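**Student:** Residue-level listing of the chains:
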Amino acid sequence: MSSTNVLSTPLPQPPMPAWRRGLRRSLGHRGLVIGSVILALIALAALFAPWLSPHDPYAQDVTQRLIPPAWYAKGSWEHLLGTDKLGRDYLSRLLYGARVSLFIGLATALISGLIGTTMGVLAGYYGGRVDAVVSYIVTTRLALPVVLVALAMAALVGGSLKVVIVLLGLLLWDRFAIVTRSATQQLRDAEFIAAAKALGASTPYILLRELLPNLMSALTVVATLEMAHAILLEATLSFLGLGVQPPTPSWGLMVAEGKAYMFFQPWVIVIPGVVLALLVLGINLVGDGLRDVTAPDGRN
Amino acid sequence: MLSYVFRRLLVGFSVMLTVAVVSFMLLHLSGDLATAIAGPESSAADVEKVRVQYGLDRPMVTQFGDWLGAAVRLDFGRSFYFQNTVMELVGERLPVTLKLGGIALLLAVVVAIPLGVLAAIYRDSWVDRFSLLVAVVGQAMPNFWFALTLILVFAVGLKWLPVAGNTSWQHFVLPAVALGYYAMPSLMRLTRAGMLDVLGSDYIRTARAKGLSPARVVFKHALRNAIIPVMALAAVELGFMLGGSVVIESVYSLQGLGQLAWDSISRNDYPVVQAVVLIIAVFYIGLTFVADVLNAALDPRMRTR
Amino acid sequence: MSLLLDVKNLSVDLPTERGLLHAVRGIDFQVRRGEMLCLVGESGCGKSMTSLALMGLLPRKAQRRADHLRFDGVDLQGLPEREMNALRGARIAMIFQEPMTSLNPSYTLGDQLCEALRSHRNVSAAQARERAVHLLERTGVPQAADRLRQYPHQLSGGLRQRVMIAMALMCGPDLIIADEPTTALDVTIQAQILRLIRELQREFGTAVVFITHDLGVVARIADRVAVMYAGEIVETAPVAELFARPSHPYTRGLLNCIPVRGKTLPGRRLRAIPGVVPSLIGPVSGCAFANRCAEVREACAQTPPLVQLTAQHAARCVAIRPSHVFPEATA
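Protein sequences, first through last, are from chains A, B and C. Heads up: the first sequence begins at 438 in the working numbering, then just goes up one per residue. Heads up: the second sequence begins at 328 in the working numbering, then just goes up one per residue. Heads up: the third sequence begins at 3 in the working numbering, then just goes up one per residue.
For the record, the hints were derived by calculation from the structure and aren't laboratory data.
Simulated restraints on C-beta separations:
| id | chain 1 | residue 1 | chain 2 | residue 2 | range |
| --- | --- | --- | --- | --- | --- |
| 1 | B | L479 | A | N651 | 44 to 50 Å |
| 2 | A | L636 | C | Q65 | 50 to 56 Å |
| 3 | C | P17 | B | S540 | 27 to 33 Å |
Treat the numbers as computed from the prediction; the structure is a model and nothing was measured. Glycine residues also receive a C-beta, built at the ideal position from the N, C-alpha and C atoms.
Just chain A, with the same shape it has in the complex (with noise of 0.2 Å):
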C-alpha cells in the first residue's frame, strides 16, 4: 500500500492531438474496424475484379448450365461458385456486381448528399421563411412511399444503372438534410461564424470554408448510412426488373434471375444475397462506429 506519496502525486500528461485520439479511438471500436475490413475487401475485389475472375463475366456457355459451388459433389474448381441459367460464371458475376452496387451507393450518396446539404444548410443557416419551407419539403418527402414511387417512375422511364442513380440520388437526401440542418443550427451561433463575420467574409465563404468543415463528421455517418440504404434498394429495383438490366451483373438482378430455379439451386440466390448483406454490414457497421468515435465525449 506504499508506492507514491501523496504529496508527489503525477503531473497530467499533455493532451493528444486530436487526430491520433480518434485514430485510437476507432481503432479500439470493435464494429468499426470490422466493418472496414469488410468494406475493404469488397472494395478490392470491385477495383481487381477484371483480374481475379476467373471468366468474362459477360460470357455465355448453355453447356455449363447452373453448375453448383465447387464444395457440392458436382461441383467443379472451374467454376468455384457454379453457373447461372446461361451458364455464365458466378463468381466472375459476383465481382462485378461489387462494382455496379459500389458505384451505385458511392454516386446516389454523393448526388443526394448535395441536395440534402444545400438543403440543410441553408435551412439551418438562415432560418425563418427558408427553414420553413425546406421543412415543409422534407416532410412531403418523407410522406412519399419511396419504393412506390421509385418503381413508378422507373416503370415509366425504363430501368438503367443511370436512372436508378439519378431517381435515388433525387429521392434519398432527407436524412441528409436533417441532419445538417440541426447541425447547422447548432454552428451557427459559434464564435467562429461570428468572427468571420466580423472579418467581412462573405456568406458563400462562410458556408463553404468555416461551416461546412465542421459539418464533415456527421456527414460522413450519414452518407455512409445513405450509401447502404441506395445499395439496398438499387437491389430491391432491380429484383424486381426495373433497376439495372441485364447482362449487367447486379447482385440484385441475379437473385431474381435465380429466382425460378431456387428450390433445387439454392445457391443461386443464397450467395448473392449474403455478399449484399455482408457490405450492407460494413457500411453500417462502419457508419455505426463513426459515428460513436465522433460523438461528444461523455457517451461512452
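With chain A's structure known, arrange chains B and C on it following the hints.
**Tutor:** Only chains B and C this time, still in chain A's reference frame:
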C-alpha cells in the same frame, strides 16, 4: 396540447395535398403517358386517340383538378386493366395489406421490446451484445432476399408453412416475418436507449431505495416512461411497412395493396398507381401524426394545462 | 443507547478509464438509535458514495469492502439481495438531494407514497392512504388529502422534498439516510425543512445520517458530526465539541472559512484553504490533507493514526497539539 394537435393536423392535411400534387406530377411528367398506355408499337394516330380518350390533352392543372375533386369523393376512376373501379380494387386488397402490416409490426414489437429491456438491464453482457448483433445483421439483409430464404427454409426445406396465397393464418406468418424483421432492430435499439436513459434517472434510484422488487422497478417505473417514444416509432415503422409491402407481397403472392401497385405499375394502369401511392401516403401521414401526438403527450409541458 | 449502525473499515473503489478510484478509503463510524449523525465534507469527498454503499445501491462496477457493516446486529454485506431489498424502504430509508427529479413524473404522489408500504407490509390501499395523508400533514404539506391525486410536476421543490420525507417515513424506518436534502432548495425553505427533519427525528425516534457540505446545517441539527475529506473520516465528535475544539487541521480550516457576522469585516478577503484535493486514482498513501496543511511534517507521509481525544471525540492527525488532549482522554 390541443393547439399542438390542431397544428399538426393542419400540417398533415397540407402535406397530403402536396403529396397528391407531387405524385400526380411525377407520373405525368416522367414520360408520355399516352404512349405508355397505348403501347410501344402503336402508331402516332393511336397514341393521339388514347390521349384524347383519357383527357391527357387538357392542361395539367385541369387534369389534376378533376382528379383531385374525384379523389376527395374516393372516386379514383376505373382501372385500365380490370373492369372494376379503382376503389373496388383497393377495397379488396387493402385489408390484406393492413393485416399483414399489423401482424408484422406485432411480431417486431414482441421481439424488440423484451430484447431491448434485457439489453439495457444487462448492459454489456452477452445478452446485450447478442441483441446488438441481431440488430446489425437484421438491418443488412435485403428484404426480398430474406423473404426468399424464409420460403426456402420453412416452406420448402422444413415444409412447415405454405408458400403463397392468403387464405389461412399460416399464409401470413412468413410474409409478416419478412416484412417485420427490418423494423425490429430500430425498435430494439430505441427501447434499449430509452431504458438506459430512464434507468439512470433519479426516480429509479428512489424506487430502488424504497426496496421495491427489481421487476416492479423495471416494469412499473422504468418501462412506462421509456415506452412512449418506442410506440411512436412503431407507428412510423408501420407506415414504412405499408409502403414496403410491394416486394413482400409480390414474393408471397399475397394479393394485397402492394401487389396491386406492382402489377399496375407493370401494366401502366396509372389510375390505380396514383390512387395507391396517395392512399399509402395518407396512411403514412396519419401514422406519423399519431407518433407526433404520442411524443408530445410525453412532454411534461403539455400535460395538465 | 444501543448501536443501530456500526461501520468498520468501509471502502468503495470505482474502476474508471484512468485507473481505480478510491472513493471511500477505510472509514469507521457508528450511529446510535435515535441519533442524528451529520456526515460533512466538500464535494467529491465520498459522502454520497458512503450512503449508497450502506444502502447497497452502488453502481454495478463499484467494489465495496468492509470489516463489518452492521445494521442492528446484522452484517449487511452477507445479506442476499432479496433480504437487503426487504430492509430498504422498510427499515432503512433514503432521501435524495434533487426533489425535482427524484419522483416519477408518470405516477400520482399517492401511488408513490403508498407503494413501498404496500409492498413491504400487508396493508390495504385505504390504510396506506390514511397513513400517507397523516404523514403529509405531519411534514407540513397543505391540503394533504388532495395531494394524493396530484402529480409531482404540480408541486414546488420545497413541497416535493416534504413529500420525499413523508415517503421515507411511510414504513416507520429505524434509520434514514438523507443525502443533502436541502442543498437544492431556497435558503428560507432550507431552514423549514431542517427544522422539520429535526422535529420528526425526535418524534419518531429515527436515527438519521445527514449528509451535507454546509457546516451551518451541522451546527443547527446534528447530535454528532463526522468530517470527511478525500474518502476518509478525519474527525468525529459531538457537535458542540467539534465547534468548540476542532482538532483536525482540515476541520479548523473549514471553520475558519465561515464568515462570521461581526467578526469578518466587509471588504476583507474570505479565507480559503489553499491547494486542491488530491486525485484518488491509483495508490494513495499518507495523509490526504498533507499537501494543503499548514502543520504538515515528515510523519504525514505515513497514514496518520486515529487519536482519541475523548471517549466521543477522535481525529486522524499527527499534529494534534497537547492542549487538545483532555484529562478524560484515553491514550
